[in-house]
Amino acid sequence: MPTETEAPLSPLTPPLAPESRVVWPERTHARLKCGIPVRLVEHHTIPKFSLQFFVRSGAAMEFASDRGVAGLTSTLLRTGTRARDEHGIDDELRRMGADLSAGAGADASWIVASGLSEFSAELAGLVADLARNPAFPAPQFERERRHSLEAVRLNRTSPAFLVNERFRSVLFGDHPYAVVAPTESQVEALTRDLILDFHRTHYSPANAFLLAVGDFSPPRLVEQLERAFEGWSGSEVEQPEETPLPSHFGRHVALVHTPGSVQTQIALGNIAITRDHPDWLRLTLANAIYGGAFHSRLVANIREQKGYTYSPRSGLTALRRHGYFGVHAAVRNDVVAATLAEIFYELDRVRALPVREDELSDAQAYLSGVFSLGIATLDGLAGQLATLYLYELPEDYLETYRERIRAFTLDDVLAAARAHFDSANAQIILAGDADKMEAQARLFGDVQVFDAQGKLLSSD
Amino acid sequence: MQQLQIPVESRTLSNGLRVVISPDRTAPVVTVGVYYNIGFRLEPRGRSGFAHLFEHMMFQGSENAGKMVHIRLVNSSGGVLNGSTRYDVTNYFESVPSNALDRMLWLEADRMRSLRVDDENLRNQRDVVKEEVRMNVFNQPYGGFPWLDLPPIANRNWANAHNFYGDFQDLDAATLADVQSFFRTYYTPRNAVLLLVGDVQPAEGFALAEEHFSSIPAGAPPPTADVSEPAQTEERRGEVPEKLGTLPAMAIGYHVPPRRSPDWYALALADRALHEGRAGRLYRSLVLQRQNALEIAGGIHYPMGDVFDYNGPMQMVTRILYKPEYSPDQMIAAFDEVLAEVRDRPLPSPELEQIKVKLRSDYYSTLEGGLGSHVPRFGLMHYLACFTLFDGDPGLVNTALDGFLRVTPEEVHAAAGRVLRTENRSIVLRLPAAKPASQAAKN
Chain Z
1 MPTETEAPLS PLTPPLAPES RVVWPERTHA RLKCGIPVRL VEHHTIPKFS LQFFVRSGAA
61 MEFASDRGVA GLTSTLLRTG TRARDEHGID DELRRMGADL SAGAGADASW IVASGLSEFS
121 AELAGLVADL ARNPAFPAPQ FERERRHSLE AVRLNRTSPA FLVNERFRSV LFGDHPYAVV
181 APTESQVEAL TRDLILDFHR THYSPANAFL LAVGDFSPPR LVEQLERAFE GWSGSEVEQP
241 EETPLPSHFG RHVALVHTPG SVQTQIALGN IAITRDHPDW LRLTLANAIY GGAFHSRLVA
301 NIREQKGYTY SPRSGLTALR RHGYFGVHAA VRNDVVAATL AEIFYELDRV RALPVREDEL
361 SDAQAYLSGV FSLGIATLDG LAGQLATLYL YELPEDYLET YRERIRAFTL DDVLAAARAH
421 FDSANAQIIL AGDADKMEAQ ARLFGDVQVF DAQGKLLSSD
Chain R
1 MQQLQIPVES RTLSNGLRVV ISPDRTAPVV TVGVYYNIGF RLEPRGRSGF AHLFEHMMFQ
61 GSENAGKMVH IRLVNSSGGV LNGSTRYDVT NYFESVPSNA LDRMLWLEAD RMRSLRVDDE
121 NLRNQRDVVK EEVRMNVFNQ PYGGFPWLDL PPIANRNWAN AHNFYGDFQD LDAATLADVQ
181 SFFRTYYTPR NAVLLLVGDV QPAEGFALAE EHFSSIPAGA PPPTADVSEP AQTEERRGEV
241 PEKLGTLPAM AIGYHVPPRR SPDWYALALA DRALHEGRAG RLYRSLVLQR QNALEIAGGI
301 HYPMGDVFDY NGPMQMVTRI LYKPEYSPDQ MIAAFDEVLA EVRDRPLPSP ELEQIKVKLR
361 SDYYSTLEGG LGSHVPRFGL MHYLACFTLF DGDPGLVNTA LDGFLRVTPE EVHAAAGRVL
421 RTENRSIVLR LPAAKPASQA AKN
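Chains as they are written, first to last, in my numbering: chain Z, 1 to 460; chain R, 1 to 443.
Just chain R, same shape as in the assembly:
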């Protein structure tokens, strides 16, 4: 079995900014990322959706790169750029031919040092974000399902249970003062990591990082926040009307054990046995054999991420679109039967071995691949950032799989028994508002 060894070098600047470099000379391009250790979990109460709205503001102008200039300088250097807001991080990244590295670091440092935005920018981006939400949620069949629907039902801590995209009245209430305060609190060097992945010599990369970032004041440590979720003791259920789609849908979520605990590794393999592809037990049983479902997908942190890129309470989620002639209870019963197979006896060894091979193969592709086809090594950058911010060790990128590959069938069985319990789950139904005549239950 070939092992992949990714070169990783890291340093911390005097202001606390961590810098991680992974050189790769395959192509003369480099992907630059800045990850801030703040996601939508920690946005202020009464300001749902703010972390994401703020992400938009980071493209509106900084001291030396005013409105549209950041975007122009990336595009006209031959590059692409984007950002995203997740549970526990917000990221900003650009991929460019490597001759633009200096310029990209200057741009990222400029907006880390000095966000320069006004009310007009805020109004403009609030409008843009509302169209984003309309497009992805309100005007989209199963929009936001289940990433917006399940958390309010499954969780009790506001950090984990609120509307992450934002209620429109909260977006309207956001002020420029909120923007500046959020920036000062969380967008500090000590709360961030800078990643350089691709065609860069580490010595040169560290020197450029020092030159552009080291004079930015460290800032105060961000306040510690409690994102813990009380243990769940009984099943929770909810329902959200589906206004557009023709098929009934449901999502089922189980709270998973803490990251990097023995049960977490083992449960992740149970998750793959259930959800990974057409050979996954849920797809095989409910879509291919019994044929009561039409689409099934899921996993830990589905559909927003995977096992590596979150840091706090999380769920293993299954999303099902099923045929209108079945009732929700029939679907839950069918789901339970498949789950029982994994919970009540150890997985056959050959199945677990196949799952491990596929896990390793998928991991390689994630590290090498891009976001779409234009952000090469996005996956590597993303994992390096998460391992740095959450675990303090970007080198985990070379050993992160080990804990999963050691798991035995008995450990999967034991973890599944502890986690996949009815009282640890939540179910949200998303049923078409106008039910077709064939909706009547079969039995």
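Excised from the complex, chain Z in its bound form:
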């Protein structure tokens, strides 16, 4: 039976034609003399290529006293090296028709460049120079620290940031994954010496890998990368001790009070699994049926039937060591309780009963089709490969994804939902005007109220 909102299929609906064969991108593997592993994938649609340099250290490798150092280090890479000044770097990139960005996430820091293939040797040389020889000029350090300070202040005015920050903090407790951005005082405490230290420790060939996708000849590009990284040395990075995660018993509400908000941002969920967990793809499938696609139960219910929200979604986020499941929606203030009721109703339903056969096959077709779409462009392919190598997934992950998704049964989906959608212990985060929805929130658990700066205002 279709969902309550759904009309039946017309007999006129054209059938699908036989599937075309998906041609998987061939990977070339190499290792530079300095030790950096390189993966190269040819993709000859336009005369451009993308070069991605990663070190396997991000914010989760910071000392608790130095929050923000990974991000600021990456931001500063492009502001000058021993041989190049900031504006020279920007001019050089424009001359090569290239874009370059540097950043840091929880588990990695990166320099990603893409430009015209005719300049591949020069672009490789520039990326290597930024990775190896940044000068971290003092005036640029001061400028970027001020920018970070303004950015963290501004963040605290964004409901989407506030709800996500609190969600991560509740789920991860004392674990470094709890932190999505440094505080003002943490940014103020950063020094240029801390940046130099972070770079010296973590930007090392023993901690790096390279990924190239696009229009090039692999042996030639490897030669160019070899020259660019020649003679670089550095040691392995010591892995910090793992901090245990908090245990969550029962549903609790954390409310970030933003007076005057005309809408409430909802995030709820639980610690789930990482990509290397045997249930990862089963759970991906269960999520697609629950709330991970436009044609999912959650979207059909709270958007298409009830009109509570524009963009409801559920999703799995997998970091290197831990992953979590989250449900997100921005709703008008008077339907916060009604929305939470529907979110939990759908969550409990997908845990209690097998989904319909057609829901299963629809979601299997959806995920396998979208997978092909995701690798059809240069940027999409580069993104997929970055995930593959950053999280050290099996080498045949791409090739086997579709057949594995299609092999799952109704029981697989039910088991994955039961094991990893932890409805009874879900943590609920709301960002909005407490005066408009705190009473609604209390129907779902005891409530802690914080202000936008993170200060605890009240607690049940």
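None of these hints come from the bench; they were simulated from the model. A quick note: this is a predicted structure, and the numbers were derived from the prediction, not measured. Treat the hints with care, as some may be off.
Covered stretches of chain R (in silico footprint by chain Z; criterion: 3 or more residues with CB under 8 angstroms from a CB of chain Z, positions within the stretch not fixed) [what the hints assert, rightly or not]: (1) 21-31; (2) 62-73; (3) 97-104; (4) 135-143; (5) 357-365.
Ideal placement from N, C-alpha and C gives every residue a C-beta, glycine not left out.
Got chain Z; can you put chain R on it based on the hints?
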């Protein structure tokens, strides 16, 4: 220098529907689009936001694909879908494995032929659109800035000056009769183009287009509308309070010359010299060197599109977030100094050459790339559609850059002198409602 040559074939069906196909066998996927030559500029007076609300209605059901069925059939064919409303077009598109092509054309034809919606659908989507506006505008720092704030100050013709997302009372006033009337007026084959980009043989694509679309009645030509904007003779200014954000912001817009005129090509290069990336003169000067600004971005049709995807009066817009210790006048003075460099003397040739290389490189990525990572060749589809509807020639996708690449430093200088004048600009300030203590001007 390698040249990119995109294969393009086009035909017009007997009902006036144009069909454009660009085959590309890189991956077994195809992106299908239908573009209607109607955007928010031409929505009816008293019905601000209607073009966008109507776009939502196109997902609510058609004769043979009722509520949620269109969405289900795209997703369960392994595809994704969306639509968007812009100044001069509204688009609907889906990317799917190419074995679903027939089904996608059937779906698009069904809703072009027969929108089948009721009051319940309208109520539902009105609620959804209001949450969309709350999320993107009212509950968002700098929400709608400057795409909603600048047009009412810069323009005099209602078509260009109204609230494109819609006042809530106008959304509430919209009726099912409005929906059907808008559909009959603008959603006709003769006012649309169908695009097939990716894994499709042109002969097969044209045959399928003929099969599904050719029996849809052509409809009457839509009424001609006057979107012209009277010449501006003095600077215009306005102010909108910023209720959430901590930083003062401003946007500056200049009316640009008509599309494809010599000054338009030249000004587009001045625009790139000012706005393109960190090497752009505004970012370099105000963010990196003087450090009075924190964010600067801009361009012609910023932030809604680019030089190719509009058809009517347009502005070159600069959006600036700056430090609270500077006053608006100080920021405008700093902006003016940078502008004067471009207006008062020709760009150095090496700079113009770099800008052209970057323009070409960006164009390639736009053509190849997706929307997010799941609508492959969205950019190619989008440009093919705009070149067809606005210029009658999808083949322009292979020559569109030529006019820009021929521009000389002297032409940039001359165009900048004619366009970047104080009396041709509008400025909107968006200042935090509760000013921090440090707001006091520096001097």
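Comparing the hints with the structure gives:
{"no.": "1", "hint": "21-31", "verdict": "holds (count 5)"}
{"no.": "2", "hint": "62-73", "verdict": "holds (count 9)"}
{"no.": "3", "hint": "97-104", "verdict": "holds (count 7)"}
{"no.": "4", "hint": "135-143", "verdict": "holds (count 5)"}
{"no.": "5", "hint": "357-365", "verdict": "holds (count 7)"}
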